[in-house]
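Colleague: Letter by letter, the chains look like this.
4 protein chains.
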Amino acid sequence: MSGADKQARSIGVGLIGTGYMGKCHALAWTSVRTVFGDVARPRLEFLCEVSEDLARERAQALGFARATADWRALIADPAVDVVSITTPNAFHPEMAIAALEAGKHVWCEKPMAPALADARAMRAAARASGRVAVLGYNYIQNPAFRHIEALIAQGAIGTPVQLRAEMDEDFMADAATRFSWKSAAPSGYGALDDFAVHPLSLIQRLFGRVERVFCDMAKPYATRPDDAGAPRAVETHDMANLLLRLEGGVQASLLVNRAAWGRKGRIALQIFGSKGSILYDQERMNEVEIYRADGAASGQGYTRILTGPAHEPYDAFLPAPGHGLGFNDLKVIECRELLRAIDGAPARVVTFDDGLEIERAVHAAARAFEAGRWEDVGALDG
Amino acid sequence: MSGADKQARSIGVGLIGTGYMGKCHALAWTSVRTVFGDVARPRLEFLCEVSEDLARERAQALGFARATADWRALIADPAVDVVSITTPNAFHPEMAIAALEAGKHVWCEKPMAPALADARAMRAAARASGRVAVLGYNYIQNPAFRHIEALIAQGAIGTPVQLRAEMDEDFMADAATRFSWKSAAPSGYGALDDFAVHPLSLIQRLFGRVERVFCDMAKPYATRPDDAGAPRAVETHDMANLLLRLEGGVQASLLVNRAAWGRKGRIALQIFGSKGSILYDQERMNEVEIYRADGAASGQGYTRILTGPAHEPYDAFLPAPGHGLGFNDLKVIECRELLRAIDGAPARVVTFDDGLEIERAVHAAARAFEAGRWEDVGALDG
Amino acid sequence: MSGADKQARSIGVGLIGTGYMGKCHALAWTSVRTVFGDVARPRLEFLCEVSEDLARERAQALGFARATADWRALIADPAVDVVSITTPNAFHPEMAIAALEAGKHVWCEKPMAPALADARAMRAAARASGRVAVLGYNYIQNPAFRHIEALIAQGAIGTPVQLRAEMDEDFMADAATRFSWKSAAPSGYGALDDFAVHPLSLIQRLFGRVERVFCDMAKPYATRPDDAGAPRAVETHDMANLLLRLEGGVQASLLVNRAAWGRKGRIALQIFGSKGSILYDQERMNEVEIYRADGAASGQGYTRILTGPAHEPYDAFLPAPGHGLGFNDLKVIECRELLRAIDGAPARVVTFDDGLEIERAVHAAARAFEAGRWEDVGALDG
Amino acid sequence: MSGADKQARSIGVGLIGTGYMGKCHALAWTSVRTVFGDVARPRLEFLCEVSEDLARERAQALGFARATADWRALIADPAVDVVSITTPNAFHPEMAIAALEAGKHVWCEKPMAPALADARAMRAAARASGRVAVLGYNYIQNPAFRHIEALIAQGAIGTPVQLRAEMDEDFMADAATRFSWKSAAPSGYGALDDFAVHPLSLIQRLFGRVERVFCDMAKPYATRPDDAGAPRAVETHDMANLLLRLEGGVQASLLVNRAAWGRKGRIALQIFGSKGSILYDQERMNEVEIYRADGAASGQGYTRILTGPAHEPYDAFLPAPGHGLGFNDLKVIECRELLRAIDGAPARVVTFDDGLEIERAVHAAARAFEAGRWEDVGALDG
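Chains A, B, C and D, in that order, are what the protein sequence lines are.
Take the first sequence: its letters are residues 1 to 382, numbered as in the working numbering.
Take the second sequence: its letters are residues 1 to 382, numbered as in the working numbering.
Take the third sequence: its letters are residues 1 to 382, numbered as in the working numbering.
Take the fourth sequence: its letters are residues 1 to 382, numbered as in the working numbering.
No wet-lab data here; the hints were simulated from the structure.
Hints may contain errors.
Where chains are identical, the list cannot tell them apart; a pair therefore holds if satisfied intra-copy or between any two copies.
In silico SDA-like links for lysine to any residue, alpha-carbon gap of 25 Å or less [as the list claims (entries may be wrong)]:
| hint | residue 1 | residue 2 |
| --- | --- | --- |
| 1 | Lys182 | Arg43 |
| 2 | Lys219 | Glu235 |
| 3 | Lys219 | Trp374 |
| 4 | Lys219 | Asp70 |
| 5 | Lys182 | Gly37 |
| 6 | Lys219 | Ser180 |
| 7 | Lys275 | Arg224 |
| 8 | Lys275 | Ala296 |
Pulled out of the complex, with its shape left as it was, chain A reads as follows:
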């Protein structure tokens, strides 16, 4: 298809869920075509929420044409070509599989599902459908992170030998925070599946597969007050420390904590190689630091790079360097990559295949924690 054809073409969008990520998706669909000139123009066709009233209100707020409380109706709608799924994780499998079976492309938030079997089923549905199925691991889209990938690929730090990753926020840090679904077992393991999947998506881009894993999980607070104020035993672990060995022999650690007072959106990487090292922290998402072991010792140090038009695709947003992208811009880039995938163009996305690999590492970590020893992640089946 020619560029002009692509530009002329539009694509129908359905959105299920309008919380934190739902609004992010809506914003991305709204502005992707204005930011990027090379993709189809989205038509915001259909929105689904838990009640008709709420759906109507949210559709008007977010600029969608029609509203429903029946997500199956949305998926079945012929005007809808691609479905954004931003509901709680437990709903992902059923919705994503149904959408794929209905011939829709799917943009599903991460993680795939609490149960590994469900994630496998999602991947199987994606493969069977021939449709594009993408997960919302937006941090891989940051121009700063893309630059890290390019640096490593170019050998700027030689052969990587060690990785340290951390992800921390503090929304569970207050001991007085009430017991909620996040502290209940059905929600998953805790920080392990809530947080670790994000740095794992970055690790996957940089180094490929996790080969084996050790894990220690802990609870900062044994109980949390229930709605009556009585202590209720917490069932999930807000803190998890993982040791990893990656494809190619890289030694790695991954520390995640959602009860880390002071941390708001930290995803920190330290990557050590045979010729240098790279530092990154999502809380300063427009910066990358690189140390190169060359030249005189007196001149060596970490170079702090501010992203700019030289770091793709920053220039689609701004022509001036150092002016800064924000979190929501990452979702716009992700949306553009999704549209490129739908067009059959090379695209930078986390597919359901990729996502299943991440889930497998998470579940291996949980087994390692139970057993108190290394766990092999194992070769990907199928």
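Since the structure of chain A is provided, determine the placement of chains B, C and D on it from the hints.
Modeller: What follows is chains B, C and D alone, placed relative to chain A:
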């Protein structure tokens, strides 16, 4: 008007110019209603560029319904309620005045105009029109900067006694950069009007009027190569150092440099008061640092605050703190404030009245540089 | 003894070894009495090096009265009250035990010894002697770290729940660095005993004992060139990742790497508690950051404290805050604490008892690495 | 003289004053020969304080052999070869001139004297004496600052075009601080002579002479409480903003504030050149940042260099980089340079000639403030 009415209402937008700021305006118009629920929904009606072909191409790219190469046609169009003017500065007066006279609201990029008389005429037109006329000083919209305003208003640092402001980028830092309009006298003074106006808009919000000013301007390079590579004398000053006294007696300095290698989007503030101090740097636009002189000396230090939902209106973009807004988000906030002003609601904008104050300080600085002594900015006429 | 008596009294010093740490000890002995008014004045009596010539040269350079190549002569000398032992680790046991048996006080560099049995013997000798036996874990002396201890003791961050520690330098980072004793098995495990002991000394101060440990060690380079340039298999591990559980239930991680390009003297701590968190990095040794979860969310952030006279014993060096202590100053403080211990005053030192605890954690980590499972450190014998 | 001779030789030291700087001098004299092997060994001969009792007490504390309350006796003593003068500024001229006339070398704290005529007389005495006369501008001794000098000399940032300097502390920031001699006119101008002289000593090393100056001084508080608590008019200015033009055409600014809450020992430099820029802050005195405009835009950024053995003379203190020097170490380096100057070796010192240049810039600034216009510093007489 009720909230529901506002939401139902739409507003017709015309855009003149589609460069750096033109695209920013387009993005803001596109997403403002999805980000903020409390404003009218923009209709992207009409776009003007220098040729019909370019205008059509840009209208399609930016999602505008119609295109023209005749800006007067755009201004005259009845479907257009508000006009974004993002052309080179020299065009601002004619276009803004015409738009206001045609009964349109105006959103004009900064600065107002190279000549003070033109800025005065623009203000007069705004006053006569009864329409909303707003300048694109978007840095005042940053939740981080809003928080600084609130802190000072609350007395968090006591009585302010000194301000230091800097604005630096490096797009003119390469001596080999060809002589262009930016180095020619008709473009203005150089860094003084290109850069100083931005920190002056922040100073105005914090402290009110500039009372007197001293100025030293300098050229990093006496000549730049012309298109044939021959040296041509540079007519503007890429560097300017200003000393100021502000309303209320605050001593201030303002250093601006568009040839500052390494600086990409720096707008740095240091505000010292009788009970503490505040630091800010636009290159890390999601951070504010405050020092409070209270409690034990052993515990005093700068507290680095990451903006979040507690800092209005961050929460319209994201519910999670520390995830980061970007430059383009500031323009979305500015657009929302413009729409509030049009609705007659209290709005946080730099009006043409405010803008003229900024221009007057700039021109006083230029006179001070010529005379080598303090120059009074003088009371605002009218 | 009265203060005046203490001041009048002097103490005879012997120094064995004049390398990196030997010079640090010499400087500390030279200036401790001028910095601190409350200790005996050292007399620099005797210095030992590997040859008579070198010993004489170093004695003159470092201001010692006499020189010898026979360390037993130094230890036997009646004018020597306290012996600084700064030789390679393998010599520590024999020298320290002999000195203690000769009735001397001992200031021995860390770690105690490569073999755990030797460390035990050192501790036994110290106990039997009734003399002061102190290890050179100088990082605990930093006023910044002392402040961290005080903050935690005061409950400034509530109950600690997680600790992350890292120690990294890059002197082994170059793959071209020749095979040396540091890569040979007799030197010990590698980063584990070379580096981990330092953060373990800090952990011990803050939280007490390590209860159990898991460990993963790795080699960045399988071989290093021997003196002829041929590849020789590396026998030690330059990188080690430890997971720990500490007394009181704190979950901890400890990552050490002496092949970490770009890191020069990093010892980083992140301490998360129920009411806040604390950050520290030895590369910026005059700074501590604390986050307190109190007050309005809009005002919360990390407060970066610059050490000053309010942080004991900074004021012995300088009356002005923020002017900065250096690494060698830590050794001066350590020397003062040693002198206080000798005077029978309360002192802040790492005794041979404390040191043995650190060694036991290290050896438990090595066992855990071999076994691939958690290892209990076990209760301290005797 | 051969190296061995130098090492054998000793030098007799007299110290007048034992406050902040007096102790710094004493520490420097105590440890200089242990740190540096290439200088004479100081003998701490004679100490002077305001009373015999205090003198004796301080002599014992600081390790001086004899004590007196008569500074003329100290100067006249034949065992004294060099005199450290660390008394209040007003005493510097009489003491320094007497010492020089008595044939002693002089190490005098900065600034020279409140009155320019006195500074001139000091320089004349130094010239007439043929002795070494050095001022205590220790910040030029920092290995980090030396590296900046070397970088500029090597052309690492091309031709310098602009300098920004700031020096700030907060010991006068509290409005409740009692009126003291620092607020009384006889002490001088305020921040101008108290602070600006330090960055001026750095500017002098980097760029030579100040050619002209403009100045704005201000008082954060018009009054301070006297000892009875009544308001008393402040006579000095705690804040001063200077604009400068330097030898060679560099445009400069110099902002100094001793009432800057939060700043403890800040001396910040920003140096912009035609090929890059350099950043420095004394509060992080072991770091230098350099931006080089070369290579791909995607890789450009500020490189943060931690000082180490590659930055002379760090290696005299420590063999490991990044471990950090402290403020007192700068005084040790200064002492060594003084001893080199006494030996007739090339030395890095601020002579009384250099110091007079600094004083002349300060007094020109004061005149500029009075006149409200640029003031030429003028050619150095004699």
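Colleague: Now tell me if each hint is right for this structure.
Modeller: Results for each hint:
When the C-alpha separation of Lys182 and Arg43 is checked against a cutoff of 25 Å, the pair qualifies neither within a copy, at 35 Å, nor between copies, at 41 Å. In this assembly of identical chains, the alpha carbons of Lys219 and Glu235 lie at most 25 Å apart only when taken from the same copy (9 Å versus 38 Å across copies). Taking the shortest alpha-carbon separations for Lys219 and Trp374, both the intra-copy value of 21 Å and the inter-copy value of 18 Å come in at or below 25 Å. Taking the shortest alpha-carbon separations for Lys219 and Asp70, neither the intra-copy value of 38 Å nor the inter-copy value of 56 Å comes in at or below 25 Å.
For the homomeric pair Lys182 and Gly37, neither the shortest alpha-carbon distance inside one copy (40 Å) nor that between copies (29 Å) is at most 25 Å. When the C-alpha separation of Lys219 and Ser180 is checked against a cutoff of 25 Å, the pair qualifies only within one copy, where the shortest distance is 15 Å, while the shortest distance between copies is 44 Å. Within a single copy, Lys275 and Arg224 get their C-alpha atoms only as close as 48 Å, which misses the 25 Å cut-off; across copies the closest is 15 Å, which meets it. Taking the closest pair of Cα atoms, Lys275 and Ala296 come within 25 Å of each other both inside a single copy (14 Å) and across two copies (19 Å).
When each numbered hint is compared with the structure, violations occur for hints 1, 4, 5.
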